[in-house]
Every structure is written in C-alpha cells, then in structure tokens.
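Protein chains in written order, with our numbering: chain Z, -1 to 312; chain H, -1 to 312; chain G, -1 to 312; chain E, -1 to 312; chain S, -1 to 312; chain F, -1 to 312.
It is worth saying that the hints were derived from the structure and are not from the lab.
Certain hints may be false.
Note: identical chains are not told apart, hence a pair may lie in one copy or across any two.
[Claimed, not checked] In silico DSSO-like links for lysine-lysine, alpha-carbon gap of 30 Å or less:
no. : residue 1 : residue 2
1   : Lys276    : Lys236
2   : Lys240    : Lys276
3   : Lys236    : Lys64
4   : Lys147    : Lys276
5   : Lys89     : Lys8
6   : Lys8      : Lys276
7   : Lys276    : Lys248
8   : Lys64     : Lys8
9   : Lys276    : Lys89
10  : Lys64     : Lys240
11  : Lys89     : Lys248
12  : Lys248    : Lys236
13  : Lys147    : Lys248
14  : Lys64     : Lys248
15  : Lys8      : Lys147
16  : Lys240    : Lys147
17  : Lys147    : Lys64
18  : Lys64     : Lys89
Protein chains: 6
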Amino acid sequence: MLEQSSPLEKTPGRILEEVIEGLCDTASYERVYYRNWRDSPMPSLTILEEVMERLRAVLFPGFYGKSDVASETMRYHVGSNLDIAFRLLAKQIERGLCFFCTSDDRRDCPTCADRALNLTGRFVAGLLHIRRLLATDVQAAYQGDPAAKTTDEVIFCYPSIAALTYHRVAHLLHELGVPVIPRIIAETAHSRTGIDIHPGASIGEGFFIDHGTGTVVGETTIIGRNVRLYQGVTLGAKSFPKDAAGNPIKSLPRHPIVEDDVIVYSGATILGRVTIGKGAVVGGNVWVTSDVPAGARVVQGAARDICFEQGAGI
Amino acid sequence: MLEQSSPLEKTPGRILEEVIEGLCDTASYERVYYRNWRDSPMPSLTILEEVMERLRAVLFPGFYGKSDVASETMRYHVGSNLDIAFRLLAKQIERGLCFFCTSDDRRDCPTCADRALNLTGRFVAGLLHIRRLLATDVQAAYQGDPAAKTTDEVIFCYPSIAALTYHRVAHLLHELGVPVIPRIIAETAHSRTGIDIHPGASIGEGFFIDHGTGTVVGETTIIGRNVRLYQGVTLGAKSFPKDAAGNPIKSLPRHPIVEDDVIVYSGATILGRVTIGKGAVVGGNVWVTSDVPAGARVVQGAARDICFEQGAGI
Amino acid sequence: MLEQSSPLEKTPGRILEEVIEGLCDTASYERVYYRNWRDSPMPSLTILEEVMERLRAVLFPGFYGKSDVASETMRYHVGSNLDIAFRLLAKQIERGLCFFCTSDDRRDCPTCADRALNLTGRFVAGLLHIRRLLATDVQAAYQGDPAAKTTDEVIFCYPSIAALTYHRVAHLLHELGVPVIPRIIAETAHSRTGIDIHPGASIGEGFFIDHGTGTVVGETTIIGRNVRLYQGVTLGAKSFPKDAAGNPIKSLPRHPIVEDDVIVYSGATILGRVTIGKGAVVGGNVWVTSDVPAGARVVQGAARDICFEQGAGI
Amino acid sequence: MLEQSSPLEKTPGRILEEVIEGLCDTASYERVYYRNWRDSPMPSLTILEEVMERLRAVLFPGFYGKSDVASETMRYHVGSNLDIAFRLLAKQIERGLCFFCTSDDRRDCPTCADRALNLTGRFVAGLLHIRRLLATDVQAAYQGDPAAKTTDEVIFCYPSIAALTYHRVAHLLHELGVPVIPRIIAETAHSRTGIDIHPGASIGEGFFIDHGTGTVVGETTIIGRNVRLYQGVTLGAKSFPKDAAGNPIKSLPRHPIVEDDVIVYSGATILGRVTIGKGAVVGGNVWVTSDVPAGARVVQGAARDICFEQGAGI
Amino acid sequence: MLEQSSPLEKTPGRILEEVIEGLCDTASYERVYYRNWRDSPMPSLTILEEVMERLRAVLFPGFYGKSDVASETMRYHVGSNLDIAFRLLAKQIERGLCFFCTSDDRRDCPTCADRALNLTGRFVAGLLHIRRLLATDVQAAYQGDPAAKTTDEVIFCYPSIAALTYHRVAHLLHELGVPVIPRIIAETAHSRTGIDIHPGASIGEGFFIDHGTGTVVGETTIIGRNVRLYQGVTLGAKSFPKDAAGNPIKSLPRHPIVEDDVIVYSGATILGRVTIGKGAVVGGNVWVTSDVPAGARVVQGAARDICFEQGAGI
Amino acid sequence: MLEQSSPLEKTPGRILEEVIEGLCDTASYERVYYRNWRDSPMPSLTILEEVMERLRAVLFPGFYGKSDVASETMRYHVGSNLDIAFRLLAKQIERGLCFFCTSDDRRDCPTCADRALNLTGRFVAGLLHIRRLLATDVQAAYQGDPAAKTTDEVIFCYPSIAALTYHRVAHLLHELGVPVIPRIIAETAHSRTGIDIHPGASIGEGFFIDHGTGTVVGETTIIGRNVRLYQGVTLGAKSFPKDAAGNPIKSLPRHPIVEDDVIVYSGATILGRVTIGKGAVVGGNVWVTSDVPAGARVVQGAARDICFEQGAGI
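In isolation and in its complexed conformation, chain Z is listed as follows (with noise of 0.2 Å):
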C-alpha cells in the first residue's frame, strides 16, 4: 500500500495543474484519442437504446412502447415508432460510416448520409423476416423450458428474446455492412443479459438460449434452426493466425457450425471450425476441438468418473 499517511508534498491544486498539463500533451493522449475527422459526433448510445425501443415496440406490438395497441391503431403506432426509428438510425448510421472514415474531404459528407439512408432502408425492409424469425424463437423458448407459463410471459420477461431481438437487429446491420453501429448493439444486450452474441454470428429460426449468462457465440459461428443452448456455453475460437505485423489476422472463419435440432449445455465450451452434426447433445462443462457427428451424444468423460473423497478443505 502507498504511503498514504504522509503530507502531500504539493497542494492539490498545484497536482491539479500538472496532471492536466501532462494529460494534454501530445505523447500522452496520442494513442487513446479519438480524432474527430469531420465534426461528426460519436454514435449515441442513448440514441441507439430508444431505436431499439422502437424497434421492439414495432416488433412486438402491445408488449412495449408508450401506448395500450389495438388492432385498428395498430397502424398508428407501428408507423410513427417506425418512420421515427428509420430516421434516428439513419443519423447513426451516418455516424457509424464516420466513424471509420479516413477521408480528410469534408465534401464527402452528403455521400455519406446518402449511403446511410440506402443502408436504412435496406434495414427496414427486412423487419418483417426478423419478426417471423423471433416468433419462432418465442415458441423454441416456450417449448424449451417447462417453467414458461405462456408465450406472453416468454416475449415479456426472457433474457433469451432480448438478446435475440437486440441481435437480428444487430446481425442485419452487420451484413449490410454498416460499421460499429451492430457491435454497439451487440455490447449492450450483453451488458443486459450476459449474452455476448457477436453481430456477425449466422443463426437459424426457433433458437433459445435457457438463463444465458455467460453464453459466447463468436463472429464466424453459422447455427442452424431449432438450436438449444444453456447459460456459459462458448462457441469460440481456438487459435487464431497473425500477420507479419503480430495483428491477428481478421474476420478469418474460425468458429463452429452448429447444425440443427442440437442441444449444448450449460458451460461447454466448443472451439474452432468444427461442425456439430444435426441433432447431436454436447453435455455441460464438454470441452470439444473436433467434429461432432449427427445425433451423436458428448459427455464429459469425467462426468462418470466423479471421486467422494475424504479430507479437510477442497
């Protein structure tokens, strides 16, 4: 412990002084700085929170938003949550591009808010394939977990229809290339939920992740339909290349295929490009580096091999 009892040898307001002198100079900000390249703000994450308010509000109808909805004004709400949403996201979007931009060109701007409105309109269009593929992911959950009482409870309260939500969101996004603006997403339904489901993960209608906390799911993973999943299961990496510079090589596929009708348990861990055959169960803790095939049963091997021992402390 430092020395904390003995007389500062400066006022604070002296400390004060040279810290914020040090802080400001060049070598020490350098590398933890944002350059702000055209006056563009950064994205906001206050922002993104209410489109994915209405996002939801859209999605779900009745079950989020500022207003009881009934089926004559549906319309109403739907559309106005909607026409507000596309133009908020459109804003971020906007930014996300900036965000990246290396172009000192000023003038480039109107492109950028140009491309961002023809990403935002790709986005909407597909709203209605991310609503018919969370209805199913409701009745995977239902079907999945005997402690659901109706689909309603499942939409309203389960971890598992957050995080899906937050990611087809984020997963469209991310195909249509728009930068930062998913990853952002991503963060905060893990933030929430503890599922932490990269934006570029593939993954199929009727999925349900049980409680979730501490379940991975990275960047290159391709899940097929009707998949299972339980709370701290890794679907990762196991190594990865580097360039000549010592930088991991990027966006390499290096995760596993998950096929469908599978079940993995809670903290199996899953590494690399392996596929997991259609219909297999990976038992919980399993560590797997290879291919699993079809319908095939993983369990760990210690699991029959547990020791009662005798003896004071563990």
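Chain Z is fixed; fit chains H, G, E, S and F onto it per the hints.
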C-alpha cells in the same frame, strides 16, 4: 454479405410504407401481439423498480432511500415507504392478474382489484420474516468471504445481498400465486447481478453466493440452511417430459435438493431432482447428475489428471 | 403454496400498521441498520458514476463526455472535467472514511475532510500512469481479438476496456487506503460487464479479458504483463483460515500469481496462492490448484476422453 | 424580527416530533386535507402536460412532437399521438369526475370511467373545429403584429398561440362539463404566458393577444371575431351578489361582451356585463364599466391632460 | 445591423481562444464573479424546490406529494416529508449564511452549521401557524371568487394559494434572519405566478390575490386581515433616500400599510408609507400616494370622464 | 353547455378514426403545418436552454454551472462551457437559417452550416462586451433597489438580470441577422420573468427593471444609459401602416426613444416613435403618446383628482 452497394429500387418512404403494411397484417403479428383484454396496461418495470427501492429502504433502514434515518424518525420513513410500496405493488399485482386473464367480461375487474389488495396484504405481512432471513444472509456473506470488511459493506455492496433481497420478495409473491410479477423481479436481479434464481426456488437462511455471475437456481430447487455457492454454479433440470402436444409438462419437481451446510464451488453443474446431502462439498467445474451423500467431497476426476503438454496452440 | 384464497383476517391498513411496528422494533432492525454516527450520508452511487464518466472523458479524450474535443480545446475539457471530478470524489472519499468511522466525536470531521482531500490529490497524481496502462490494454485487446477492427472500436465498445478503466481507478484508490469507494466502483463494473475484479488485485500492463462475463479475479491476485483471460475464468481462493470467533481472517494472500504472457481460456478455475509461470497456457474448463511451470500447456484430462454415447436424455 | 440568537429550548428532534403531532391533529388539517373517497388519485399535472404536448403535435403537425412529419407519414404521427392522448385524457377526466364526487359507494366508479370515455370521445370530435379556430388566430397574430416575420414564427414562438391552444382545449372540456381539468389546463397556460383566460370564456375566431402578460379574461366573457387585446387588459367582473351564507353566487353572467373587430389596448380595464360594440377601440389604461357603442374610440380623459411638473421625487 | 456578410478575419478557434483569455482576465470578471470563501456551494434552486414540494405535501395533506394520504397513515407521510425537508433546508440555510459570509476563517463553519440547525428548528416550529393562516387564505379565495367551485379546487389550482404558501414560508425565514433563501423562494413564486411579494412583507390572515399576474407587494408593506387584491396592483415605494455613496439606504419603512378588509382593484398603484384605512376600496388603475381614510371608496377621476372620439388610429 | 349526458352515437374508436382522417386532410392542415424543406429539424428549446445556461456560467463565473470556480481553474470551466455552447449554438443557428429557407435545393445546406459557423464566431466575439454591459446592469439594480443587500444577491436572484442576460444575448444574435433563435430566447425570458423585450430593442448600459412582470419593450425601441423601468411599463407602437395586402409593413421604427437617466414608473404606457428626453421621469399609469422634454416630470392628470365616494360596490 448483402449487396449493399446497389441502389435502392424503391424510395425509403415507399419501403417504409410497405413494411408498415406488412407489419400490420394479422398473419404477421398474431403470434407476437399482446391482446389486451380489459384495457389493463402491462406491468411496469419502472414502477416495480420503485417498489423494490422502497422495500430495500424498509428492510435495510439507513442504507437506502432518500434520507438519513435516526431511530426516532424511523417509523416515519419505514411507514411512508411501506405505505407507498403497498399501493404501487397492489396496482402491479392487479395488472399481473390481468396479464393472464382470459375472461372477456369486464365486470370481473373489481374482483381482480380486491384479489390484488388481499395478496398485497399477505405479502406485506411476510416482510418481517424476509428481513430476518436477509439478516442471516448478511452474516453468511461476512463469514464466507475474507474480503468482506464489515457487515455494512456486505449490505451496501454485495451482489449476493441484492440478488437475495429481490429473490426473497419474488419468492413470497410466487408462493402467494401472484403471476408474472415475481418473474419480472427475478429478471431484474438477473440482469444486474448475473445471478438467475427462479422465484419458485425455496432457499433457507444464511445463504451466500460469492461473485455470483452465471449462477442459476431452477424453479423447483430446494436449498437448506447455510449453503454457499460460487459463480457459475448451475442447479438445473436434467430433462423434462413433454405432453402429447410436444410442450413440456410444467412445474414438475426437476431441480436438486441441496441440504444444510453444503458448499458448491464455481462452475459446478448439478442437474435433476438429486439430493446433495448435508455438509457435502461439490468442487469446481464438476458435473453431478446423481445423489451425493452427506459429508462427501466431490471433485472432478480430471482434477487430478491435468496434463502438461507441449505444442503450438491449444 | 400459501392458502391465498382465504380472506384476510385483518384489513390491509391494520396489517400495514402491525408490520411497521414490527419493522421499527430494535430487535428486528439492529443487524440491518446503518447507524449514521456523524450525520454523514452514505456514499452516492449516482455521484460516483458521474466521477467515473468524467474520468473516462479525461482518460480517453474525444470518446466520452459532452463534447467534441479538438487538440486546441482539450485543455479546457480535460481541466474542467478533472476539476469537477476531483471535488466530487473528495466528498465521496470523505463519506467513505465516515462509513467505517466509529468515533462519536463530531469534531474530528474536519480531519476526515482534510484526509479526503489529501487522498484525492494522491489519486489524481496517478492518472497519467493509469492512462499509460490503459493504452497498453487497448493494444492488447486489438491484438488479441481478430474481431476487433480498430483500436477506436476497442476503446468505445469493449467491456474489457470498460472493466479495466474502472479497475485501475478502483485499484489506485484501494492502494491509497480509501475504504468502500473502490468496492462500489468495482461492483458497478461487475454489474455492467459481468467481470468481477476485486480492487485489491494487482494487474500489469497489456491485460485483456475477452467477452469476460463471469470472470472473477480475487483480492490478492497478482497478474503480470500481457496476460489474456477469457470469459468464466476464476482466479480464486482455495480455502481460508478462520479466527477463534469463526470469522475468516481477512486479507491474507490466497489468490494466484499469474506471470507475464499467460493465457487462460474460458471457464478455467485457478484456486489458491499458486503460480502460473511465464508464458503458460491454461485450457478451458480446467481446474488448477497447484503451480504451473513457465511455458507449460495445461489441458483438461477429460478433453481427450470425450464419449459419444447413445441414449435418451443427458 | 424574531429573537433568533437565543438558544433553542428544545432539540430539533423534539421540535420535529411535536410539530408532526400538531400537524396530524384533525383540528389542524381538516380544512386543508383532501379526502380521497374512492382511492382515486388527484389529477396529474405531468400527464395533462403530456396530453397538451401531444395535442399540440396533432394540431400543428411538424412544429411539435418527437419527429419530422412528412405528408406521407402524417397519418401515423397524428394517429398515434391522438390515440395516446385520448387514453391519457380519459383517465384524467375520470379523476376529475372523482375529484368532486361525494358518493361513498365505490361501485359507481365504473360509471365514472364510462362517463369519462364518453366525454373524451366528444372532446376529440371537436378537434377539427379547434384547429380551424387556431388557424384564424395564427393569421390574426401575423396581421396584427408588424414584428411577426412569418406565420411559422407565430406558431412556434408566440405566447398568444400557446395560450389560445390551451384555452380552446380547456374551453371545449368546460363546455362538456368536465370538472377541474379545464381549470388546471388554463392555469398551466397562465403560469407560462401570464395570460389568464378562464375556461368558461367564449372566444370567436381570429383572436390575438399581443405580449399578453397580465391580461385576464373572466369566466362568463363573450368575445366575437377578430378581436385584439394587448398586455394587462382586464375583462373582469364589477361586483357579485352573495347568498345567505355569505358565499358568492356562482356562475352568473358578470363579465363583458366584446363584439367583433374590437381592439383593447394595454392596461385597459373593462368590468361587468357591459357590451363593447362592434369595431370599438378601447385605449390603454382606460377604466370602463358601462357599454361602449359600436365604432366608438374610448380614450382616457387624463390622456390629454398630462402634466409636466417640476419637483423632486414623484 | 452588423456587417454579417463579410468573412471572419479569424478562425472560430482563434476567436474562441481570445474570448476565453479575455473572459478570464481579472479586470473583466471581478465584478461578476462569486468568490467562494469557504468552499461552500451556492444555494441550490433544485433542492429548495424539493423542500417547498415537501412542505406543500405537509401543509396540504392529500393534495400534493407521492402518495394518497389516509388519516391513519398521515403521520408517516407528514413525518417523513418533514424530516427530509428539515435536513435539506438546514443545509441550504447553511449555504445561505455562507453566501454573505466575509470571514476567511474556515474554522467558523461548524458554527454556521449549528446556527443553520437552530434556525431550521425555529422555522419548523412555525409551520402550524403557517397552516392556520393558509386555511384562512383558502376560505378567502373561495368567498372572493364566484368562479371557485370548492375549496379543494382553490387549494389545487389557484395561483394565490401557491404564491401565499411560498410567501408565508419565505416570510418566516426572513423574520428569523435567514439570508438569501427567502428571496430565492419568493422569486420562484414570482416566476410561476407573476405575483411578486417580497419576503419582508407582513400579511394577515384571509388574504386573496385574484389572477395576480403583475401584482407587487414591497419589502416593508404591512397588510391586515381579509384584504383582497387583484392583478397588476402595486404596493410600492415612492422614492428612497440615498447615502453619501449614492447607494439607497436599505430597509427603511417605505411601503403602504393596508388595514383590514381593504379591497384593491386591478392595476391600482399605491406608493409610499401611506395608510389605506380599514374597509377602504381602491378602484382599478388608480394612483394613490397619500392616506385613504377607513371605509372610503377611491376611484379614478378619469373613470367618469371617458371620451368617445372619432378618428383614425389611437 | 353541450348535451353531455346523451349517449355517443359512435364508438370512441370510430370517432378517433374519423378525426384522424379529418386532421390529415390537406385542407385542414395546410395553414398550420411546418413544411420541412431540407430535413432540418426545428430549433430545439431544450438545447437553447443549455446554451443559455452555459453562457450564464461563462458570464457570471461561480454563480452558475456545475462547479465551484477558483480563479486558478476558471480558464478550464469558462473554456469548456464556451466551447460546448459554441458548437451547440452553431447547430441551432443553422436550424434557424433553415427555418426560413425557401430554396428546395439541398446542396446549399453546407453553405448554411458555414454561415452558421461564421455567425456564431461573430457572436462569441461580442461576449466580453455583453459582460461589461451586464456588470453595469448589476450595479444599476443594486443602486436602484433599497431591498438589494449585495450585488451577489442581485446577480443570483433578480429577474431583471436574468431578463437582461437573455436579452443582451438575443439582441446580439438579432443584430447579426440570425433568424428565429433570438425570438425563442426572448420568449423564454418572457415566460420566466414576465418581462417581454423584443430582441430588436437597443438598450444602453446600466439598465434596471424592478419587479418587471408585464413590462414590454418593443422591437424598434432605443434606450439610453442608466434608465430604470418598473413593472407593467409598455414601450409600444401606436399604430402601424399596412401594405396593399392588408399585412402590416414590417420593421418600421415605431417604438419610443428613451434617453439617458429616464425613470418610468409602473403601469406607464408610452406609445409610438416619441422621445423621452434625458432625465425625464414618467409617473405610474400614465399614458404618453408624444415627446417628453428632457428633465420633465410627467404625472397622471387624474392623480391629483382622486374621488372619495360613497356607495355599494365599485
């Protein structure tokens, strides 16, 4: 990746219009739409949060809430917080009752209001018992964690106490038959602490979960006194029978019974209606699917079989 | 389930009154009551959040805070954020000192205020060092994750950077002997990221935790340079001696020493004051309770012993 | 001034206790206590503000509200704002009905809810008429103030339009017999603009109050078309008869009738059920208590009799 | 108009820099800078607003505050609101004492804290008297306005009651010698209601100001019982002597004495230490600078001399 | 009153639908619809409020803003507040330019952004002058009001200083030709203080408005040095010529010129382009429509002709 660079064939306005039409088509929304039978709004997460804040201020006077609490003025603060919490909770319970209500007859609603009031009365009557249990939980955390300096720090900072405050409230509501509300309360705690305890789980006094992230305690779990869990522990179901329609049969006992004085280390998975006998210790990352006798120490077979191997990459 | 259908024997008002009486009975509240000796309020989570927001804006100029930051105006923004953070933090440290204060003599309080000012001065003097460390952490994340596109994305989106910003601040306060405040800061990061690093843990430069949910780093852990952890890793204590009163003896070294360049994969559990030697790699889900030599690769024995079995249910 | 320097005879805690006792004595509070007969809360100023915000967004599309409004998407925004405003207002009207309700029979409440719904329906049906009137008010302000640049500026900035939007809404509710709510709406406008128009006042199209602060329009006032008032104008009552109990007899016609095309300059006071004839002009600071013929110009007698005098002080 | 079309000679960044330099030059700021002697922050308008909200909830139980108040639970709500208001107000009074404090000796501050506590205790002891006065003010408004339907409406809606609640609180604090705080409270009421009553003004029971906007009651005014004012009334000073330095001599009696049962109609101006005798009536827009005998009726000379003239424009 | 008791002929849903149809009919909305030419949002009152808050913190260091300001740290706080205010204001000015923009050519917008930046630069360059003027206004208030205890109290509490801070900012923006924004700023001050100063009014140093509610200063008014007004004073236009279309001709000089050292007492009305000569005093409630010579004292003729009359009611 989608062909993002091609021009949009339709204007954004046209896309918007078509998507809104699509989303308002009955076939599209019928499985994800909340049909509000009685013009009763959804339970409000914000108000349930306020209820929990006021209950925390009531249960731990001086730690939470808007005010210092002297013993002379405690009655005022406890009284006003509890009176407000009572009214707010009664309203939410009424909404919870309506959430699952299938009758279309609006005249029943006064009955729901009366039932909600009755249930809230019963709930409040159990608060003294909840405080007694939480006081033992505080003591258990203080004694179970060498890093804990005082019980004050435990109450103010430990996620275990936060999670148990939410759980003991949710569990009592669950016992009283209140629908949905307990689940919402449990998921709030889950989101904040990463600890997922189903409101149905029955937990004895002196319970402590250290760190806690990723720990799951299932619906029909029964936990005795002075039990200690660590992070990433699963007390889950092994499998569940389905009915003729392919839906799981709800509410059957299917989670472990954990007797007094048991310790379960991080990452252990205990599945099914097995019994972990009094004083047993379950080691980290162990996978248990059968009974463990009282006093036994269960460790991973592999734990004594770690391999030191050479080679590139894992 | 309780007999919920029977009528209440007492009116809700009467129940309320009795419960309030009960809750204000000294015997009921004495173990869960914060006795405020000096009319000093509890530390405020909201204000500590503001302090952390301002420190993040100071440490990563341009990424956070209310404003774009040009290099010409950086001094103003860094200066005002740091000046305000200084004053707010000094007040919270004073509250922290009072939190554990047992003296009843109110005249000591000016001393506490002076001590708080002194401690805050020392803390601020360490910010340049914290930024230097965080810059190496950013680089480590960028190089350790093929999904990371730029270091900007790492700073803005990665939970590892968020958790380490909180930790490095909390750790310096802990080193200075500030009570409670470091713990509150650590728990805030824990709640948001699922990463639980005790403020006491000493962590070298270039640290990276990928995904992170469920990772736990204990109080007396010592971590070298360029260490990488994954989600669900535990660096914990094996057991702890108790004193005569049955309380654990506080603050003894009981967590691992992890040397430079070590990698620990997801779900691994390392317990006790063991040393993981320089450059060692610990595989996923492994359970380690003894030293690991430098350069070794530890994998689960069972990992090579996966069983493919037939049968219904797992 | 009280003798502030003498020491308190009692401790603050003792004073507090005694004052609380005193304030809870029936004799002390009975005349200032709201007896809530049916557990119906007070009307909410916050929600009525939201209702007014949404109605403003509906009445003046594109000027207010959360979104840009294109003519293609107007239906969505008008529809959702009006649907939400409808529900919120119906609830507030129900509270307003309960505010004056003296029956103790709780079973009547459904009747109140139905009445509130009926009244809200009638109110909404009048919105088109309100918009027509407000459009004429905008035109009147634009033509009546040389400082007005465009009608857009008038709608967005002029207190007269704000006050009339509130008034025309409040007046329709008043006409429908809704209790209290109109008064609350009127007082909100009064507080913001300094213009105090009683909801009972009947005001024709093309009305404009320039500046407006301090202008008062009484309950039974009747104002024709194209009338213009300035700040500080009073259209008030001269005196009012009392009943046997000494209370004023309520709701008798006692305020002026102001016919079409009248102008009343700043500070003029017109009292009693007098008629200001079509096209008359009432000069500033004039005091009028009898009829003014059509086309007349009334100026202060003293206005032509200003004195230039010597001397110190006024 | 400035020559706006010419190009800027300097970059915005350069202008900013120069202006900041200029604004931080001692000569520029010395007359508009608050020198904070003791590190005591300014009084907080937000907290004083909370104090007033809580006092209103205490004074008018059931009308304001977060909760319904039944007579059985009144003690809890009154008690907790008053306890919190007490602590908050004591802190603000301490800041108020520091606001005018010229001593540079920091060790006196505990004295200020004690003085603040003492003053707050005295203030609270006067609340019962304030409620008694306000109850008479409610009755006066009900009897003085034919538009008032019930006393409940008067309490909930009338700006006169709002202004008097603020004034009677501010006046008691002023009487106790509390600096600045009373003025801030008075200006809050002024901003909301347009009624400007100096905290020094002494006002008897049964006071009513109808409409109120623009009414001014000066510092040394003395008002008897059952007085009624209307909007735009001035009870002001005629002129004031200055000291040798040219500054006005502070706090001399210079405003009117208004005896019991007086009525003053809208726009009347009464200046100087004159006496308006018991039961006198002062007509609208009248200008009074000398005593008015008891029972007299004062009307504008011009009021009977209105001119009907022809001509274009006024 | 409408026939409220009859049953609704249509369901609320049907009414809603019809009214929405009606409100979306072009003929209904065309005169009250803001046509947004360039997808530029309306100016934001909230952001302009933040700009004014930051400018107040800059102009009166230590009185406003989030922080204590020591002279050593003043540069940081002034700098960051001004930098942020600059950016926010530039954006609002750009919106203001678009508000009146009639061109449909979107490519001009970058020009608007540049113009806005240029105008904001010029505005900021005038802040030192604004502070100098405000310092004289503070002195004038202190010397003009015997109730003012210190200049600190004047700055912190007096509506005159608040209104002049807003006005002097709005006036400079008006001088620079910024559209709408000055008006919005002026109306904010009007709403808060009841003082309505048009941004076009030119006001010399040492200006003071005591109490202020209801005082109006028109667009083309010119006020010299050391002028003092009281509440309810009007400096207005007498009449205004109209063009062929019946609209008033905009921006002609039509308000008074008030020379140095003039005092105008409460309720006085001065109309038209008349000159009130240096040192003149205008008495309360006086109506002036012609020049007043320097040094003259104008009082109401009627002021010496008050009538004491007998009789019932006024």
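Against the structure, the hints come out as follows:
When the C-alpha separation of Lys276 and Lys236 is checked against a cutoff of 30 Å, the pair qualifies both within a copy, at 22 Å, and between copies, at 21 Å. For the identical chains of this complex, Lys240 and Lys276 are inter-copy neighbours only, at 21 Å across copies versus 32 Å inside a copy, given an alpha-carbon limit of 30 Å. For the identical chains of this complex, Lys236 and Lys64 are neighbours neither inside a copy (45 Å) nor across copies (40 Å), given an alpha-carbon limit of 30 Å. Taking CA atoms no more than 30 Å apart as the test, Lys147 paired with Lys276 passes inside one copy only; the shortest distance there is 29 Å, against 33 Å between copies.
When the C-alpha separation of Lys89 and Lys8 is checked against a cutoff of 30 Å, the pair qualifies only between copies, where the shortest distance is 20 Å, while the shortest distance within a copy is 48 Å. Taking identical chains as interchangeable, the C-alpha atoms of Lys8 and Lys276 are never at most 30 Å apart, the minima being 69 Å within one chain and 40 Å between chains. Taking the shortest Cα distances, Lys276 and Lys248 sit within 30 Å of each other both inside one copy (29 Å) and across copies (27 Å). In this homomeric assembly, Lys64 and Lys8 come within 30 Å of each other (Cα to Cα) only across copies, at 26 Å, whereas the closest approach inside a single copy is 55 Å.
Taking the shortest alpha-carbon separations for Lys276 and Lys89, neither the intra-copy value of 42 Å nor the inter-copy value of 48 Å comes in at or below 30 Å. In this assembly of identical chains, the alpha carbons of Lys64 and Lys240 never lie at most 30 Å apart, being 50 Å within a copy and 38 Å across copies at closest. Proximity of Lys89 and Lys248 under a CA criterion of 30 Å is satisfied intra-copy only: 27 Å inside one chain copy versus 39 Å between copies. With identical chains, the CA atoms of Lys248 and Lys236 are at most 30 Å apart within one copy only, with a shortest distance of 14 Å there and 39 Å across copies.
Proximity of Lys147 to Lys248 under the C-alpha cut-off of 30 Å is restricted to the inter-copy arrangement: shortest distance 8 Å between copies versus 44 Å within a copy. For the homomeric pair Lys64 and Lys248, neither the shortest alpha-carbon distance inside one copy (42 Å) nor that between copies (33 Å) is at most 30 Å. Taking CA atoms no more than 30 Å apart as the test, Lys8 paired with Lys147 passes in neither setting, with 65 Å inside one copy and 32 Å between copies. In this assembly of identical chains, Lys240 and Lys147 lie within 30 Å of each other by CA distance solely across copies; the values are 14 Å between and 49 Å within a copy.
When the C-alpha separation of Lys147 and Lys64 is checked against a cutoff of 30 Å, the pair qualifies only within one copy, where the shortest distance is 25 Å, while the shortest distance between copies is 35 Å. In the homo-oligomer, the alpha carbons of Lys64 and Lys89 lie at most 30 Å apart both inside one protomer (23 Å) and across protomers (15 Å), since each shortest distance falls under that limit.
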